[in-house]
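A.B. asks: These protein sequence lines are chains H and D, in that order. So for the first sequence, the working numbering puts the first residue at 1; every next one is plus one. So for the second sequence, the working numbering puts the first residue at 1; every next one is plus one.
Because the hints were derived from the structure by calculation, they are not lab data. Yeah, the Cβ is synthetic: ideal placement off N, Cα and C, and Gly gets one too. Hints are supplied without guarantee of correctness; some may be wrong.
To be verified - Sample of chain D residues with no beta-carbon within 10 angstroms of chain H, all distances over it, derived: (1) T240; (2) V313; (3) P333.
As the list claims (entries may be wrong) - Pair by pair, the computed Cβ-Cβ distance ranges are: (4) H:E288 x D:A235: 52 to 60 angstroms; (5) H:G48 x D:E306: 43 to 51 angstroms; (6) D:I260 x H:E121: 25 to 33 angstroms; (7) H:T107 x D:P32: 40 to 48 angstroms; (8) D:A209 x H:K2: 34 to 42 angstroms; (9) D:P32 x H:E288: 50 to 58 angstroms; (10) H:P61 x D:T107: 29 to 37 angstroms; (11) D:I323 x H:H206: 35 to 43 angstroms; (12) D:E19 x H:S47: 33 to 41 angstroms; (13) D:E19 x H:G191: 46 to 54 angstroms; (14) D:E306 x H:G100: 38 to 46 angstroms.
2 protein chains.
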Amino acid sequence: MKEPTILLDHGSGGLASQELISEVFVKHLGNPVLNDMEDSAVLAAQSGRLAFTTDSYVVDPLFFPGGDIGCLAVHGTINDLAMRGARPICLSLGFILEEGFALAELTRIVSSISAATRACEVPIVTGDTKVVPRGKADKVFINTSGIGVIDETIELSAGKVRPGDTIIVSGSIGDHGITIMTRRAGLSLGGDLHSDTMPLHRLTAHVLAAVPGAVHAMRDPTRGGVATTLNEIAARAGATIVLEDELLPIRAEVRAACEILGLEPLYLANEGKCLAAVAGDQADAVVEAMRATTEGKEARIIGRVEAGSARVVINTPIGGSRIVTALHGEPLPRIC
Amino acid sequence: MKEPTILLDHGSGGLASQELISEVFVKHLGNPVLNDMEDSAVLAAQSGRLAFTTDSYVVDPLFFPGGDIGCLAVHGTINDLAMRGARPICLSLGFILEEGFALAELTRIVSSISAATRACEVPIVTGDTKVVPRGKADKVFINTSGIGVIDETIELSAGKVRPGDTIIVSGSIGDHGITIMTRRAGLSLGGDLHSDTMPLHRLTAHVLAAVPGAVHAMRDPTRGGVATTLNEIAARAGATIVLEDELLPIRAEVRAACEILGLEPLYLANEGKCLAAVAGDQADAVVEAMRATTEGKEARIIGRVEAGSARVVINTPIGGSRIVTALHGEPLPRIC
């Protein structure tokens, strides 16, 4: 018997589309708002400013140690909301499917999305599915957009970062990027390489409540890694960010894999970490608050903001220093 | 000199990504919220329920008579908000680009998005761009998600449709679907076939204000066409929708092309039309209100809702009648 696959019909808007929606999407993701099945979801009125974000996910491979494209699409968009200090309230879910994609794999991805949304307590409230002919896409691409609500007292922006601020990272760096790259290269390097994909909205909510006003900006260093994200913050702040190489939390397996492949961990994507620029005199309190959360147990200070030109400098253990530019060249396609 | 194209680097999150963002996206779509360039957009607090919707656009060809994938992506998502009676306030924009796609074509699409958002007065406030290797996508796919605000008195849902309601369409049917299909088939059938892609939020706002409470549900009959959309409404309402064949507004060119290709106009996609189920005694007032708008000049009554099983029936001019099912089989891939 042939394995059931996605047919062009599943994207027609007709009966086959409705079957796919009810037997896969609603079955796994159903909730009162999604089940409404109207042209758009209707949500209760919200008090507070709204945060709105979108991300498409094209990661290859679809399944990798530590996660898959499904949970990644949930976490990534939730994290973009969390970085502005927003409380995520709902997500949308758009699929672009390739004709011939195995229905079993789609179901596995939707189950992963379902588990992630339940764990995050953020529902999918509206969705869309398109199907393109064989060879016109690669299996499955996912878009998630999300809405969050920002409490009145919270105002995070790279524009608020200034000399005297301390730079904190919520945990180890490079895990997601190196995992995808070694998998794609078919390398088995030993050690426990796995993606760090993880939602950060509970960490950010806890920190913002525990140390009010301390955090000036937060960013999750995804594509382009810590180096590129800090360069963006330095550019917005018009100041120099100085990192201490020996303070960077890099797992031994990640460091070893980077050495073998000739990669710089600072440019590797992360999918469950945040960088925070915080008032210098409250940095220890912020680290402590992060460490009180499951997601931030390994949080630590990695650098500071100084007056100077907009750039990122790293001090090496042997007493030298070098400039760390934003990523250019060396594309790492389909990392998320 | 080689024509500039999209490189994998443009999706890396590094310098090339930033250049593409500033030189194409921000240049054409810039506004204070988008220019913020943080992980998510921050919007003012809104009073009223929120509408939220998402749609991916994979239409082939990218450019067609009457529009292109860019304006289609703006109009389609605005229309999904409008169908719930929402006032659209902002859109997100996610691109999946194929390596090697001509930068000039991307710029043409972004210009079209820019023109559409300005005409609609609905800004793009957040975005994302991914690039996949050559052969892993077909040129460009676009996701737009959108947020709208619904006034307190408005409550539209197919669940409110009941026997005695009148079915109204805002204009001619089948224009978008037949245009895409004939273009893709390389047919030149003569006559002025062009897509009806058009935003409907002004039409819906005018009708809802002019005849308060009259409209029970609205839907835009995109994929699957009028037949499929009315079947969905009939299913939700648990009632029979009866159409009069001779009342269906179908342009002569569309009717001729359908005859040549053996297609049923009721199954063809529309991208600038809405169906409304309205209280029978206010149907004429709703038609009049629609006709007072640019978008609804050709609005007319096409049928009614009757007690009976959930189905759609069409009365033919010679006195017979037939059941019109939802679309099944006959996939029309990449129509939007």
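A.B. asks: Between A209 of chain D and K2 of chain H, does the beta-carbon spacing fit 34 to 42 angstroms?
C.D. replies: Because 54 angstroms falls outside the window, the suggested range is violated.
A.B. asks: Note whether the CB distance of E306 of chain D and G100 of chain H lies within 38 to 46 angstroms or breaks it.
C.D. replies: Once the Cβ atoms are compared, 43 angstroms apart, the range 38 to 46 angstroms for G100 of chain H and E306 of chain D holds.
A.B. asks: State, for the Cβ atoms of P61 of chain H and T107 of chain D, whether the hinted interval 29 to 37 angstroms holds or is violated.
C.D. replies: Given a distance of about 33 angstroms, which is inside 29 to 37 angstroms, the answer is holds.
A.B. asks: Is the Cβ of P333 of chain D more than 10 angstroms away from each Cβ in chain H?
C.D. replies: violated (5 angstroms)
A.B. asks: Given a hinted range of 33 to 41 angstroms, is it respected by the beta-carbon distance of E19 of chain D and S47 of chain H?
C.D. replies: holds (39 angstroms)
A.B. asks: Holds or violated: is the Cβ of T240 of chain D farther than 10 angstroms from all Cβ atoms of chain H?
C.D. replies: Holds, since 18 angstroms exceeds 10 angstroms.
A.B. asks: A range of 50 to 58 angstroms was offered for this pair. Does it hold for the Cβ distance of P32 of chain D and E288 of chain H?
C.D. replies: Cβ of P32 of chain D to Cβ of E288 of chain H: about 36 angstroms, so the range 50 to 58 angstroms is violated.
A.B. asks: Given the hint of 52 to 60 angstroms, is the C-beta distance from E288 of chain H to A235 of chain D inside that range or not?
C.D. replies: Between E288 of chain H and A235 of chain D, where Cβ atoms are some 56 angstroms apart, the hint holds.
A.B. asks: With d taken as the least Cβ-Cβ distance between V313 of chain D and chain H, does d exceed 10 angstroms?
C.D. replies: Non-interface label on V313 of chain D holds, nearest chain H Cβ at 18 angstroms vs cutoff 10 angstroms.
A.B. asks: Confirm or reject the claim that G48 of chain H and E306 of chain D have a C-beta distance inside 43 to 51 angstroms.
C.D. replies: holds (46 angstroms)
A.B. asks: Please check whether E19 of chain D and G191 of chain H have a Cβ separation lying inside 46 to 54 angstroms.
C.D. replies: violated (36 angstroms)
A.B. asks: Quick check: does the Cβ-Cβ distance between I260 of chain D and E121 of chain H fall within 25 to 33 angstroms?
C.D. replies: violated (54 angstroms)
Violated hints, listed in ascending order, are 3, 6, 8, 9, 11 and 13; each of the other numbered hints is respected by the structure.
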